[in-house]
Structure formats: structure tokens, C-alpha cells
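Participant: Here is what each chain is made of, one letter per residue.
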Amino acid sequence: MASTSEETSVAIQPTPPAQVRYCEVCSFPLEYCEFGSSLTKCKEALQKDDPELYDHYYSEEALQAKLGTLSLDAQAKLEKETAKKEAKAVAKADAALKKKMVSQVTIKRIERNKRKHVTSVHGLETFGVDLKKAAKQFAQKFATGASVTKNTQGQDEIVVQGDVSAEIVEMIEEGQGVLKGIPRDNIVEVEDKKKKGGD
Amino acid sequence: MFKKFQPSTDISGQTSVKSSIQRSLRANLLSQWNINPETLEEIWPKKESITLVKCRDHISIYALHGEPLFLQHFDDPLIPTLRLLHKYPFVLPKVGVDRGAIRFLLAGAPMMCPGLTSKGGYLPPAEQDIPAGKAVAIFAEGKEHAAGIGITKVSTEDMKKINKDVGVDTVLYLGDDLWAIQEI
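Here the protein sequences come in this chain order: U and A.
Those letters in the first sequence? Residues -12 to 186, by the working numbering.
Those letters in the second sequence? Residues 12 to 195, by the working numbering.
Heads up, simulated DSBU-like pairs for lysine-lysine below, C-alpha to C-alpha not over 35 Å straight-line:
(1) U/K123 to A/K58
(2) U/K28 to A/K105
(3) U/K79 to A/K14
(4) U/K71 to A/K175
(5) A/K65 to U/K79
(6) A/K65 to U/K137
(7) A/K15 to U/K67
(8) U/K85 to U/K123
(9) U/K79 to A/K15
(10) A/K175 to U/K72
(11) A/K15 to U/K87
(12) U/K28 to A/K130
(13) A/K14 to U/K86
(14) A/K130 to U/K75
(15) U/K85 to A/K15
(16) A/K15 to U/K71
(17) A/K14 to U/K123
(18) U/K67 to A/K105
(19) A/K14 to U/K30
(20) U/K75 to A/K175
(21) A/K98 to U/K71
(22) U/K71 to A/K130
(23) U/K119 to A/K57
(24) U/K64 to A/K154
Derived by calculation from the structure, the hints in this document are not laboratory data.
What you are looking at is a predicted structure, and each value in this text was computed from that prediction instead of being measured.
Let's have the full structure, built from the sequences with the hints guiding it.
Facilitator: Now the structure itself:
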């Protein structure tokens, strides 16, 4: 076996990978944009980026050829469906944005001992912040322990040892490291006086 | 399989794979996929060690440097990820569906026989019959790249004969939650 495989391996070259261009908007291969939920945006982006390819996929002949075996009726139905899907996606994105605008990042100072505190940061994930990375960043910056834990409602939050609420607010406002894209108005600072933390 | 998949809750652990298991994996890949050792070497160099990402429902994803390469459910055939299949489209046997079925495929539905046997569909000729339980790449009418990957439920000859019910179970498709994960 060894000798035969050696002989063949000289002749056989590894097949290079095929290059597939993916749409920057919907991440599908370009030809599947029409089945995604953001066709109009995909089309615009491609037209600006690479007009030649755009013609290849969306010119009149291309659209004609695409019809293939599908009847006109079915095609019309499909187009309607796509439009509907697109509208739905837009509405969904809008709702998500709205939710984001009203959701708040709560920074809470919790008294643990008479003069010792921990700071809990809640609500970062709605702004697309990786909690683990944020916790790491806090730990590095303040040289204290910082961890991602579940609070009593079962939601994830970051708990930083020590009273660092003012600094954290500052960090978020400046958008340091992974803490990007959080509007200033959405930050709430709270103090929790109870001996046993949590609400 | 990946219609709903959340890395934070559905992944139970990552481990590196023993070298003896890696060897058998390599042998399995070579026997199950239409691929020569040299090309496999390009995808997965011998020196690199692969990570096993265990997920819910006995799904194991194998990843190289965080990029998922292929996956397996129980002892089912090994299935490349769609991105890998796009790069090396020849590794799996090919079936095609007509244009009307694309919409359902991209919603994760299993592929019905009529969509495969109709004029726009494609099934291999009788001499290259694909038996049941094999991984296949699902291509779409008028498209150059694969839209999904499935496992045949009945052999392709039976699909032609019976022409009813599910022909190919969809495992991966464009836009599922695994497609969204570029790095684990």
C-alpha cells in the first residue's frame, strides 16, 4: 500500500478551494439574496460594489432565464412572498431598535459589608456586548474580580468587586474596549443599601 | 437540525480530540466523502489538532481554530458545513431541487420527492444510485452553489419510482443558525 500511495501522491495535486462571494448584507451567496429577507438592500450594496456582477444576477435576461420551469403564477406568488418577508424583517429590525432605545444599562452599587461594596452591571447584552469579554475588561482595568453571574431573575449580569460604579459609567460613556454603542441616556446608576444585595 | 441553535445554551463543552480518534476520523472522512488525501490535507493539515464541540441532542461539531468544519449526529454520516461545501463542492454526491422548492429548503423543510424528480430537479442516473442514509449536497435549479445539505431518506432510485413523501431530510441550509456562526 505504501508504495502505491506514494506514486499516486506525486501525480495528484490538492484541489484548490472554490471562491464563493458572499453578500455583505445577508451573508448568503450572491445568487441566493433573492431568498433572503433584505433583497433591496442586497441589490443596492452589490450595485455600488460591483456593477458587472449586479448585471449578471439582476439584468432582464438573467431574470428571464431564472424563471426556468416555474410558471408565471408561481413566480408572482414567490415575489409577493419575498416582499412580505422583507417587510416583516424591516419591522422586526425596527422593533429591535426601539427595544434597544428604551432598554437600560443598570449599574448598581450593592453594600456587602459595612464599608465593602460590589458593583453589578446589568443589561449590557442588549447592546451587543459580549459579557464575558466585558467582565474580563473590568477585571483588568480595576484589578479586581469580575464575573458573569445570573441574578435572582435568572438574567446575566456582571458583578465587579469593589465600588467602581462611577468609573464604569465613565468607561461606558467613553465606549472603551468592547463597551461600544451605548447611548449615555440609557445608563442608570442605582445604589442598593440593603445588607443582602439583590432586589 | 440547526433551525434553532444558540451557542450559549446549546453547546455543552469543547474538548480537543485524541490523536487516535483523529486518525479514525480522517479515515472516515476519506471513505465517506469523495475527496483525495491531498485535498483533505489542505482542509485539515495533519499537524493541526481539531476540537470537538459537543452540543445538545448528541450533535458533535468538529472545528479547526474555531471555524466549524464538519459535524456528526450520533453515528450518522459526517457532514461538512455549508461554507466548507461551497469551497469544495465535489465532496458530496449531488441532488437538485426545482425552483419552487428553494423557498421551503431555506426555511428548513425536508425535501419532497416531487421537487427532486420534476424537470428543474436533478437526481443521479440509475448507475450512480445513492442509497438511503447518505449525506448529499442539495443544489437548486439555476443556482451555482449548494443551498443545503441533507441525508437521503430513501435511495434515489426509489425516489424516482415512488415519487412521494420525503426524499431528503434537510440537515443544514442557508440561513440556519449554524450558518450564522462563523466562529465557535
